[in-house]
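Visitor: Sequence:
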Amino acid sequence: MSTATVQGAVIRSGELEFRQLDGCRVATAVGPHLGARIVRLDVVRVPSGAVWRPQSSAHEENVVVVFAGSGSAASGAARRRVNRADTVYTPTGDLYELSADAGMDLTAYVWNTTLRPDRAPGTEPRRFSRLWNEETQLKGFTGTGQAEASARTATMNFLFWPGTGSPQLCLHCGFMQPGEYFNVHVHPESEEAFIAFEGKGQLHLDGQWYDAEPGDVLYAPPGVPHGTRHPDEDPAAPRFATCGGPTPFDPVLYQRAGVSTKVR
Numbered sequence: 001m002s003t004a005t006v007q008g009a010v011i012r013s014g015e016l017e018f019r020q021l022d023g024c025r026v027a028t029a030v031g032p033h034l035g036a037r038i039v040r041l042d043v044v045r046v047p048s049g050a051v052w053r054p055q056s057s058a059h060e061e062n063v064v065v066v067f068a069g070s071g072s073a074a075s076g077a078a079r080r081r082v083n084r085a086d087t088v089y090t091p092t093g094d095l096y097e098l099s100a101d102a103g104m105d106l107t108a109y110v111w112n113t114t115l116r117p118d119r120a121p122g123t124e125p126r127r128f129s130r131l132w133n134e135e136t137q138l139k140g141f142t143g144t145g146q147a148e149a150s151a152r153t154a155t156m157n158f159l160f161w162p163g164t165g166s167p168q169l170c171l172h173c174g175f176m177q178p179g180e181y182f183n184v185h186v187h188p189e190s191e192e193a194f195i196a197f198e199g200k201g202q203l204h205l206d207g208q209w210y211d212a213e214p215g216d217v218l219y220a221p222p223g224v225p226h227g228t229r230h231p232d233e234d235p236a237a238p239r240f241a242t243c244g245g246p247t248p249f250d251p252v253l254y255q256r257a258g259v260s261t262k263v264r
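Sequence positions in the sequence shown follow full-length UniProt numbering and run 1 to 264.
A hint or two may mislead.
[Unchecked claim] Ranges between beta-carbon positions, derived for each pair:
id : residue 1 : residue 2 : range
1  : 117       : 262       : 42 to 52 Å
2  : 235       : 68        : 19 to 29 Å
3  : 49        : 234       : 38 to 48 Å
4  : 21        : 213       : 17 to 27 Å
5  : 140       : 200       : 23 to 33 Å
6  : 189       : 260       : 16 to 26 Å
7  : 259       : 17        : 36 to 46 Å
8  : 209       : 124       : 36 to 46 Å
9  : 151       : 251       : 39 to 49 Å
10 : 260       : 235       : 33 to 43 Å
11 : 177       : 12        : 22 to 32 Å
12 : 53        : 31        : 16 to 26 Å
13 : 189       : 23        : 30 to 40 Å
14 : 213       : 118       : 31 to 41 Å
Just so you know, these hints were derived from the structure itself, not from any lab. Treat the numbers as computed from the prediction; the structure is a model and nothing was measured. For glycine and all other residues, C-beta sits at the position ideal for the given N, C-alpha and C.
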């Protein structure tokens with residue numbers, strides 16, 4: 001059973017409930033059943049040699065993170081080979097597609113949202129990236145004051161964000177070495193949905209820390225404190241990485257990083 005409260009939820013990957021849909025298996029980790037009104041996070045398992053092509057995606061803004069397997073992905077007319085940790089962005093108006101290689105299933109986490117009337121896609125949005133892209137980063141994040149901050153701060157990569165043409169969704173990857181934190185914070189107007197992608201660590205939700213393993217999901221509604229940490233003090237321990245982001249994007253994160261919040 002997921003660890004859930006009125007103020008959000010931590011959803012364990014082993015307890016996601018999958019349904020058959022268009023030849024694939026789909027589980028909704030975050031959605032209306034948790035009270036989410038802005039963002040939905042689906043987990044999609046594409047069988048060997050099969051294709052996932054949701055027609056509804058043309059009406060939404062979508063971000064895909066490949067969690068396991070390999071194949072190809074399309075964003076509108078653009079197509080690329082994808083493997084674990086590759087990422088795909090599709091603006092409203094375009095379809096996305098995922099194809100699994102023969103002999104290997106492909107698992108992806110997919111964020112989607114409906115654009116607000118005052119927002120529009122960027123002029124030339126970035127469509128493909130990778131979680132380990134270090135082009136634009138936030139370092140030294142001290143949180144927003146809801147909990148004591150650690151000086152041992154994690155690093156966050158910005159993959160899809162206003163600077164790459166994303167008007168509402170974003171995708172960030174935070175990676176923590178042993179003892180590091182992405183300090184507790186809130187988003188006043190945004191719903192946060194992110195996953196534990198690599199290694200073992202802990203997720204903070206509304207005053208409590210929860211152990212997390214790859215595939216686990218955290219959902220925090222607007223104003224609810226959340227964060228991450230790598231509690232292992234052994235310097236040889238593998239890093240802990242998470243990915244996701246607030247919807248709509250929170251300009252505070254980009255202001256802290258010293259970059260523009262203008263959608264390109």
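Visitor: All hints, please: hold or fail.
Guide: Each hint, compared with the structure:
{"no.": "1", "hint": "117 x 262: 42 to 52 Å", "in the structure": "violated, 19 Å"}
{"no.": "2", "hint": "235 x 68: 19 to 29 Å", "in the structure": "holds, 28 Å"}
{"no.": "3", "hint": "49 x 234: 38 to 48 Å", "in the structure": "holds, 42 Å"}
{"no.": "4", "hint": "21 x 213: 17 to 27 Å", "in the structure": "holds, 26 Å"}
{"no.": "5", "hint": "140 x 200: 23 to 33 Å", "in the structure": "holds, 24 Å"}
{"no.": "6", "hint": "189 x 260: 16 to 26 Å", "in the structure": "holds, 19 Å"}
{"no.": "7", "hint": "259 x 17: 36 to 46 Å", "in the structure": "holds, 39 Å"}
{"no.": "8", "hint": "209 x 124: 36 to 46 Å", "in the structure": "holds, 41 Å"}
{"no.": "9", "hint": "151 x 251: 39 to 49 Å", "in the structure": "violated, 25 Å"}
{"no.": "10", "hint": "260 x 235: 33 to 43 Å", "in the structure": "holds, 36 Å"}
{"no.": "11", "hint": "177 x 12: 22 to 32 Å", "in the structure": "holds, 25 Å"}
{"no.": "12", "hint": "53 x 31: 16 to 26 Å", "in the structure": "holds, 20 Å"}
{"no.": "13", "hint": "189 x 23: 30 to 40 Å", "in the structure": "holds, 38 Å"}
{"no.": "14", "hint": "213 x 118: 31 to 41 Å", "in the structure": "holds, 39 Å"}
The structure shown violates the earlier hints numbered 1 and 9.
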